[in-house]
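Enquirer: Use the sequences and the hints to build the structure in full.
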Amino acid sequence: MYRIFYLLCFSLIVLSSCKGSKATTGAKIKKLSAEKIIANHYNKSFNFETLNAKVKVRYDDGKNSYSPSATLRIEKDKAIWISVKMLGITLAKALITPEKVSYYEKIENTYFEGDFKVLSEWLGTDDLDYDKVQQMLLGQALFNLRNDKYKSSIAEQGYLLQPKTELALFERLFLVRSNSFKMASQQLIQPIANRNLTISYRSYQKVGNQDFPKEINIEALQEDQKTSIGIEYRMVDYNARVSFPFKIPSGYKEVTIQ
Numbered sequence: 008m009y010r011i012f013y014l015l016c017f018s019l020i021v022l023s024s025c026k027g028s029k030a031t032t033g034a035k036i037k038k039l040s041a042e043k044i045i046a047n048h049y050n051k052s053f054n055f056e057t058l059n060a061k062v063k064v065r066y067d068d069g070k071n072s073y074s075p076s077a078t079l080r081i082e083k084d085k086a087i088w089i090s091v092k093m094l095g096i097t098l099a100k101a102l103i104t105p106e107k108v109s110y111y112e113k114i115e116n117t118y119f120e121g122d123f124k125v126l127s128e129w130l131g132t133d134d135l136d137y138d139k140v141q142q143m144l145l146g147q148a149l150f151n152l153r154n155d156k157y158k159s160s161i162a163e164q165g166y167l168l169q170p171k172t173e174l175a176l177f178e179r180l181f182l183v184r185s186n187s188f189k190m191a192s193q194q195l196i197q198p199i200a201n202r203n204l205t206i207s208y209r210s211y212q213k214v215g216n217q218d219f220p221k222e223i224n225i226e227a228l229q230e231d232q233k234t235s236i237g238i239e240y241r242m243v244d245y246n247a248r249v250s251f252p253f254k255i256p257s258g259y260k261e262v263t264i265q
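All the letters of the sequence shown, read from the start, carry residue numbers 8 to 265 under the numbering used here.
Just so you know, these hints were derived from the structure itself, not from any lab. No false leads were mixed into what you were given.
Derived DSS-like pairs: lysine-lysine, alpha-carbon spacing no greater than 30 angstroms straight-line: (1) K260 / K63; (2) K113 / K70; (3) K233 / K92; (4) K61 / K83.
Here are the simulated distance ranges between beta carbons: (5) R65 / F253: 21 to 31 angstroms; (6) Y49 / I114: 35 to 45 angstroms; (7) D84 / N47: 15 to 25 angstroms; (8) R248 / K213: 15 to 25 angstroms.
Every residue, glycine too, gets a C-beta built ideally from N, C-alpha and C.
Expert: Shown next, in the form of structure tokens:
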């Protein structure tokens with residue numbers, strides 16, 4: 008099950024094709040500048056202090072497939088906690104903070120503790136951080152769109168944002184829903200490393216009076232290997248008191264990332 012955690016981290020770095028769900032059907036979309044689209048996207052950010060959600064996960068790497076349930080808790084900008092279960096039995100837990108990433112899994116009795124620098128070096132990038140994990144789960148842009156200049160166009164009944172100046176190692180595309188200004192899909196391609204992943208937000212739901220993801224689909228391609236993860240939020244509560252119980256069991260073997 009630890010491969011689920013690895014892929015969630017990997018997903019933040021290598022995004023693929025911009026085929027997302029359509030933002031609207033039939034309605035004519037008003038042309039907007041990239042600056043206006045970006046401003047609206049951040050104005051529509053999900054406003055919360057804590058989050059507690061029940062999640063269904065689907066994992067398939069072509070060789071193994073799992074469909075566990077999970078509990079996801081977030082304290083905004085401070086901690087993300089995940090507990091994975093199958094048949095009511097806890098199989099794995101992860102605790103992510105801005106300073107450290109920790110997890111353990113009970114199938115092979117292994118654990119990992121390290122900072123994002125270690126994971127970033129392993130993934131061949133220096134861009135992975137806590138904020139990207141949090142933004143992915145909330146339907147927000149992984150990168151801070153206000154830090155670069157973008158050009159906008161209308162595509163797939165949404166707004167397509169492309170950087171005017173692309174990064175040397177990455178190609179990025181962001182498809183924004185025209186009705187809610189939430190992400191429909193996000194794209195980042197690493198041509199040199201032959202990495203390619205799609206994060207698509209297939210549907211949204213109202214939590215309180217705000218738009219929050221309902222279904223997220225992640226598809227990662229690296230050379231000939233394809234891995235898919237589906238995340239379905241089945242219950243979402245926010246601004247309630249949350250706790251993050253986490254203790255690595257004694258006797259577990261530490262995973263070394265090289």
